[in-house]
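Read top to bottom, the protein sequences are chains P, A, R, Z, S and E. At position 249 of the first sequence the residue is numbered 249 (the working numbering), and the sequence of numbers has no breaks. At position 89 of the second sequence the residue is numbered 89 (the working numbering), and the sequence of numbers has no breaks. At position 62 of the third sequence the residue is numbered 62 (the working numbering), and the sequence of numbers has no breaks. At position 105 of the fourth sequence the residue is numbered 105 (the working numbering), and the sequence of numbers has no breaks. At position 292 of the fifth sequence the residue is numbered 292 (the working numbering), and the sequence of numbers has no breaks. At position 83 of the sixth sequence the residue is numbered 83 (the working numbering), and the sequence of numbers has no breaks.
Hint data in this document are derived by calculation from the structure and do not stem from the laboratory. Be aware that a few hints might be false.
[What the hints assert, rightly or not] If you want a taste of the chain Z side facing chain S, the calculated C-beta under 10 Å gives, among others:
{"#": "1", "residue": "Y87"}
{"#": "2", "residue": "L117"}
{"#": "3", "residue": "V141"}
{"#": "4", "residue": "T142"}
{"#": "5", "residue": "K143"}
{"#": "6", "residue": "N144"}
{"#": "7", "residue": "D150"}
{"#": "8", "residue": "S153"}
{"#": "9", "residue": "G154"}
{"#": "10", "residue": "A155"}
{"#": "11", "residue": "T156"}
{"#": "12", "residue": "I157"}
{"#": "13", "residue": "A160"}
Glycine included, C-beta positions come from ideal geometry on N, C-alpha and C.
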Amino acid sequence: MSRFRTFPKGGIHPQDYKEATCNKEIQNASLSSIAVVPLSQHIGAPCECLVKKGDLVEEEQVIGKAGGFVSANIHSPVPGEVKEIKKIFLPNGIAVDAVVIEMQGEFKRLGKETTPADWNSMSNEEIAAKISEMGIVGQGGATFPTHVKLSLPKGKVCETFIINAVECEPYLTSDHRVMLEKADEVLEGIKIVQRLLNPGKTVIGIEANKMDAVEHLQSLISTKGYDMEVMPLEVKYPQGAEKNLIKAVTGKEVPSGQLPLEVGVINANVGTCLSIYEAVVFSKPVIERIVTVSGGAIKNPSNLKARVGTSFRTLIEDCGGFSEEPVKVIAGGPMMGFTVYDLDTPVTKGTSGILALTAKEIKAAKPTACLSCGRCISACPMGLNPTKIYKYVDFNMSDEAAAAGLMDCVECGSCSFMCPAHIPLVQGFRGGKKVIRKNSMKKAGK
Amino acid sequence: MDQVLRIFWGFLSTVLFGGLLGTGLAIASRKLKVEKDETVEALEGAFPGLNCGACGYAGCGSYAEAVAAGTDEDLTKCKPGGADTLEQVGSIMGVEVDTNAARMVARVHCIGGSEEAVRSFNYQGISDCTAATVLFNGDKACKYGCLGLGSCAGVCPVNAISKTDNGLVVVDQDLCISCGKCVDICPTGVMRMIPESADFIVACNSRDKGKDTKANCKVGCIGCRICEKKFPDAGYKVEDNLSFLSYDSKDPGRAEAAAKCPAKCIIPNKVKAEEASNAG
Amino acid sequence: MSYFAILITYVFISNLILAQFLGLCPFIGVSKNVESAVGMGFAVTFVMSIASLVTWALYHFILLPLGLTYLQTIVFILTIASLVQLVEMVVQKYSPVLYKALGIYLPLITTNCAVMGIALINIQSGYNVLESFTAGIAAGIGFLLAIVLMSAIRVQMETEKVPRFLKGAPIAFISGGLMAMAFMAFDKALLNNLVG
Amino acid sequence: MTDTMEKAGKLALICALSALLLGVVNSVTEPIIAIRKAAELKAALENLLETGTPGPREDLEDEGTIKARYSVTGADAWILEFIGMGYGGDMKVLASYDFNGEIQDVVLMDNAETPGLGKKAEADGYMDKFIGTGGTTPVPVTKNELEAPDEVSGATITFAGIAAPLKEGSAYVKALGDDK
Amino acid sequence: MKDKLVISSSPQFHHPQSTASIMWTVSACLLPAGIWGIYIFGLRSLLVLAAAIISAVATEALLNKIKGENTIADGSAFLTGLLIGFNMPPAVPLYVVVVASFFAIAVVKWTFGGLGGNWMNPALAGRVFVFFSWTGGMTTWTLPRVPGADAVTGPTPLGSIKVGLSSITEGINGPLDLLAAEGVPVTYTDLFLGRVPGSIGEVSALLLIVGGLYLLIRKIANWEIVVSYLGSFALLVWLFGGFRYGQGLFAGDVLFHLFSGGLMLGALFMATDMVTSPLTSKGMLIYGVGCGFMTYLLRFFGSVPEGVSLAIIFMNIFVPLINRAFQPEKFGLVKEEEASK
Amino acid sequence: MRELTKGFIKENPIFILMLGLCPALAVSTQVVNALGMSAGVIFVLLGSNIMVSLLKNFIPDEIHIPVYIVIIATFVTLVDLLMQAYAPALSRSLGVFVQLIVVNCIILGRAEAFASKNGVKDSIMDALSMGLGFFFGLTLIALIREVLGAGTITLFPMGNFNGVIEVPGLVQAPVRIISLSAGALFVVGYLKAMFNWISSRPGKEEI
Ligand SMILES: Cc1cc2nc3c(=O)[nH]c(=O)nc-3n(C[C@H](O)[C@H](O)[C@H](O)COP(=O)(O)O)c2cc1C
Ligand SMILES: Cc1cc2nc3c(=O)[nH]c(=O)nc-3n(C[C@H](O)[C@H](O)[C@H](O)COP(=O)(O)O)c2cc1C
Ligand SMILES: Cc1cc2nc3c(=O)[nH]c(=O)nc-3n(C[C@H](O)[C@H](O)[C@H](O)COP(=O)(O)O)c2cc1C
Ligand SMILES: Cc1cc2nc3c(=O)[nH]c(=O)nc-3n(C[C@H](O)[C@H](O)[C@H](O)CO)c2cc1C
Ligand code: SF4
Ligand code: SF4
Ligand code: SF4
Ligand code: SF4
Ligand code: FES
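Please construct the entire structure, taking both the sequences and the accompanying hints into account.
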């Protein structure tokens, strides 16, 4: 047994492939001459488009205004001319409007010094306004608008603030590199959040395969005398899933269908903290992020700092292109990421990685019928019975599927990964959820 | 003598026994009278007993109860029963029911098979249309067409739907009982109900602009309005870049419109024998 | 036979359904879900144990002394039919909870040959009154066991890709056959070894 | 009230008619059944003997598997009735012995053995392996004591269920002798 | 390029095991014990194994035609056939083997929807079906080969014990003594190595344990089942097994019973069939204990010498119920109940 | 004629209506038992259907079930007594199931569903049709079970013929389990599947 804490039930140990990039310093990616900026890069309402074809935009100019309470501004990553506004598919399969900008003109920040603002003298409202204005969204994958998350509802207190530095997805090392290379900024970002939330305790959860980051942060914290704790955790997927992380760190279970705040926890990704720091201190919107480009088909796997709107193709070329034909190109990690079929797909605020995998890595096999081996059950971190739920979905028994807990599934993919029958369980669950939502909408309509 | 005596004892005790039980049961049954509803039974007899759920109830029995109790006044919900059932139900409930309402059948409004329609990628996953649509709404470039994975075939209670070799599905309209389940499940909406008597259909469901449709599929409706404008009485109406055909009038112009359609997506409704036998 | 032996006999060895073919109609009809199978099982156990007692008394106190054994069938079936009704009334009056659980199954039992069967078997085997009662309960438990196991199997089969024509009753019969085959592990010889 | 009376009366009437009918039929069939059963038993008993006639049945208590005996007039023999334990439960066995306890003949009566296995014991010739034993040679009780053990393979329980009582019977008759 | 990229749902990569690799691995793990069986009982055993496998695979292929699928490559029919062959006496008539395979694949497996649908272990059900039908042929055992001699038949150790116990005499100290008294002396080593009569694949406890351990390490077989099955059985034998020899409590011969008959084959390779065993750990433990108890009951009291196959298929009946009763605990559910209080 | 043959396939009591399953399974080990049982059932069906349809106006609704039961039980006892007296061997092999005809769902079912609503003539037709259907179903099961499970076909002994036809090959080594309880359930299961298939084919409903 490991000496580190973890969540008790479920979880898997896929090969992590992180060695390809974990020692590679973050490098700046090239800019593509055309930036495609989707107008919805977050969960919630899409942005209202503020530009039209032919407009000239500046770098960091707001081109999409938050379209509702749960929404986040979108800024132009490059200066240039709006060529068109077209529908594109994001990797998650949703069709959205995107602003196509042809780069021209002058960069505001590139190569120039900017003076840091003193956030200690700002009021909480000012800080919150900055976070909201700069369009910060969660960079752990869910892309939930951060200003919404950080505004505590009346009567709720945040007992524990957890920084999710787990990065349990195989291949991905962007959070790892950020912690090594930008620790000061990240810690400062955490301080800012501490001001806003006033948490009883602050814990940075890191998996034990990143001990260098653990040590680095620990020494910084102790020299600076910050009030936070670094907690190494056992290496187990999906440690980073927020409910499981909370269970691992605090021992509390977030009730089914509820938010972490129910048990007094708020959690944010390391990258998010970095963005908060940059937004508050340098007034810099989220127009860049760290992307791990890796996979067996990539010649030089790297960690790149890329601008939103840059095409996957550009980043892959920055890494020397393909060393062999990939079978799948993935946005995100291999467990939760989405395959893309078009390499012109742009990087968005939520793109943590671009992977090009070979057949050897994928280990696909022809699906067979379920063997009732129960591996999916042992793997599921949510304590569900995936095989039963899948069968209900397969037989169009959506009521039974819902009763069996379909809606609690976080789509972590542990079950599908383990399934010897290679049943695409998660795909079934996503389809099943879609049907349930359709049905309840129909019922509501009636 | 002995025998006679025994017969007598048997006689006597059985009489007593029977009398006793009879009294008991008579009293009991009075106290426990359960009204059996004749109407419900009659209605159940009239329904085909498929328990398919097309009426929206758990089964024929529950619909019969609802009708008998008057909680549901719509007597025409049992589509599978057809005119016969309607007539019977009408006579049981003492209501005139319009039995002439045309029988509706399901029809796939897409002919973009593997030859005609562009597929954007190599889909690997569950052989089920709903599940497939979680990935870029399916592998067809046209997001309105039939994915051919046969979710509809899976739910059809009478196995009227089969997959074809060219990546579509076909409905055997003779078998179809108009339950509408396939229409409900189809994630792209390409399965629609039409009157059985329909002579032609616009076999496309694409709301894309003509240019996009053309890029995605060789036989997609491009919304050119030729059918609508040239044959104004034939029932064609273009909305959302797609021509819809209403079957209220029987205008021979439809056939000519079919011939004029540049995309060749107006086709006779009835599936040709070869096409049906192609189904695998 | 000891009571233990009777219990084992009617639960496992001569299980009414799996070895004797009594009570198949409800076994196939009411085993579609576990809840109703449990209800039916308890209802049958209840009625069987009472019926065993009553028919035993009727036979030994009336039919046999008067030499009227030829009226056995008529008397038994009438008794069982009325008994079921009586039980239904009593339960309804005094235990609404139990009635809610068992009520709908009670009338079905009238035409269940398992009850009649166990009454006849009791007489044939020459049991005394307590043995008859035990046999009644044991047979009921055997029925309960078989129908509950069957219902769990059938519910599981709802979400398996069973060929179309085999769905429903055929699969229930064939499952029953496999169950019967496994229950053949228990035979009289085993009982003999076990109880002496 | 009258309504109830009427219903009770009608049911009673039908019961009465049925009882009457059955009573009459029973009075016809009962003697036939009784005679037939007696005849069957008599035939079985007589078949066990070459000479002599079986006497009346005497029930035995506390004699293990031996449940009854029949004395025989006209021959030095006893007939015993056993209940043996077979694969399918009780088996009724009848056997005749001479006064030395040697088995003359055996027959398997009511039983619930498996057709094709235990039921073979009903067939002619099955009992040959016992006939003549019990006197000087012991009754075979395990398969290994047989000349042709394969004959009972797959039905050893039936075999043992017949053999054990026969052996018991032999000892019983030896002790009994001609003590009628 | 564009057309070649695969679009699929997450997760995008997979654990290396697959149905086919599992089935073929299990088959491979059985191989040593099978080879031993062929070596010790003669080439006739090879014929039986081949007949079992060929008829199982042929039945599967035939039924594949009806449903229009191809499931031969997943190896499950091969494995079922192999296990049927393992469970046959070496001298069994071939039609018995063929019927067993046919019954297993067509009735027990295909009828319930094919691979994964069956609730009873096909190989064992097939074996029990023919055992009840042709008891004679299924209980004629070939003696292990003595170099140069013809195949002779004789009883299995468990069979001899069943017969011997009916006429047990004084001074016998457990099964090995009894066997010696019966004229068929056997040692633990014979049992462990497999130098006794028995079914083709069941005799060599050693080789079965080696294969079984590999399956346990690879997590193909569940340790819960194996441990609870063997553990509960051993416990019962140790506790009560001595009574038959007049030795009282705590005197059963555990080693003899663990290594004789089909126990190792059953506990390691057949009770662990994932399709017909429970889904959760708790369920598996209960199922294993049930198997152990049933095996004890049938071996010691049953009318047939061997109880493993019947014990396992009997417990198979309970699996759907066990699966209903022992569902995994949902994350966040406990809290919900507390909250509602 | 339609009336008479409907019981064979379209409304076969055993396979389609699923009534009277217990005797169908229990006594179908030998063909001769099936014939005897069918004869008994036909006799009782006829008798009770006739009586019920005759008495239908005389019987008050509340006590109709007990009355039917008495009528049926009477006929069953008649059959039982007569069989014991004149066909002892058959009586022995049918065992308790003769008396259990009384709870055979077919008979009460037909009394309820048909005879109590129709005239004597139709009721006779119905009884015959159902009886023949039962006969057909039961004999089919028995034939399969006996041939496979025992390798024989047992009929009545007549003259030189001892009543048993042996199926060469099978009689030496029959699939004995088919004649045991498990086999009965297998055979009925697959026959039921076959009937499902036949009756689901379009255009075949007329048989
Ligand atoms: C299966 C699963 C795995 C996840 N893994 C991580 C992870 O490794 N790192 C991370 O920061 N967030 C991960 N998340 C997202 C977190 O649940 C949560 O959304 C995030 O930590 C919140 O922080 P953010 O709003 O700053 O992104 C995962 C989510 C799921 C469902
Ligand atoms: C279905 C079935 C029926 C059986 N019927 C009998 C039977 O009628 N008589 C009997 O002695 N054993 C019967 N047995 C038990 C076994 O055949 C017998 O105990 C076992 O094979 C020992 O026989 P052996 O020592 O000759 O091999 C039956 C077993 C089964 C499975
Ligand atoms: C008799 C036999 C037949 C085999 N046939 C196949 C086969 O058809 N396909 C296959 O992939 N592997 C086959 N194999 C090899 C197995 O795949 C190999 O043992 C297994 O994949 C190892 O799996 P592991 O890497 O999970 O241990 C066979 C092995 C044996 C012993
Ligand atoms: C560990 C293991 C054990 C197995 N045991 C059996 C078995 O005992 N009998 C059998 O027919 N198949 C067995 N199989 C194969 C397979 O699961 C079986 O064919 C399915 O039950 C068919 O649906 C086994 C497979 C595995 C992985
Ligand atoms: S994807 Fe859903 S069901 Fe599968 S392991 Fe993750 S939470 Fe459980
Ligand atoms: S892991 Fe796959 S094969 Fe195993 S039980 Fe789950 S769904 Fe079935
Ligand atoms: S009609 Fe709809 S459900 Fe049917 S195959 Fe086509 S897309 Fe799928
Ligand atoms: S599912 Fe569709 S095709 Fe099948 S019967 Fe219903 S409406 Fe007709
Ligand atoms: S005949 Fe229906 S329960 Fe027996």
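Q.
Please check whether D150 (chain Z) passes as an interface residue: C-beta within 10 Å of a C-beta belonging to chain S.
A. 8 Å, holds
Q | When the least beta-carbon distance from S153 (chain Z) to chain S is tested against 10 Å, hint result | A | 6 Å, holds
Q) Does the CB of A160 (chain Z) sit less than 10 Å away from some CB of chain S? A) Nearest chain S Cβ about 7 Å off; hint holds.
(Q) Given T142 (chain Z) as an interface hint, is its Cβ closer than 10 Å to any Cβ of chain S? (A) Check passed: Cβ of T142 (chain Z) comes within 6 Å of chain S, closer than 10 Å.
Q.
Let's test the interface hint: is any C-beta of chain S closer than 10 Å to that of K143 (chain Z)?
A. 7 Å, holds
**Q.** Closest C-beta approach of V141 (chain Z) to chain S relative to 10 Å, hint status
**A.** With a minimum Cβ separation of about 8 Å from chain S (threshold 10 Å), the hint on V141 (chain Z) holds.
Q) Hint check: is the beta carbon of N144 (chain Z) less than 10 Å from a beta carbon of chain S? A) Because about 8 Å separates N144 (chain Z) from the closest Cβ in chain S, which is inside the 10 Å limit, the hint holds.
**Q.** Cut-off 10 Å, beta-carbon criterion: hint that T156 (chain Z) touches chain S
**A.** 8 Å, holds
**Q.** Agreement of hint G154 (chain Z) with chain S interface, Cβ distance less than 10 Å
**A.** Constraint on G154 (chain Z) satisfied, holds at 4 Å.
Q | Interface hint for L117 (chain Z), Cβ within 10 Å of any Cβ on chain S | A | It holds, given that the least Cβ distance between L117 (chain Z) and chain S is near 7 Å, below 10 Å.
Q: With chain S as the partner, please determine if Y87 (chain Z) meets the hint condition of a C-beta pair closer than 10 Å.
A: Interface hint status for Y87 (chain Z): holds (7 Å vs cutoff 10 Å).
Q) Going by Cβ atoms only, is I157 (chain Z) closer than 10 Å to chain S? A) 6 Å, holds
Hint compliance for this structure: every hint is met.
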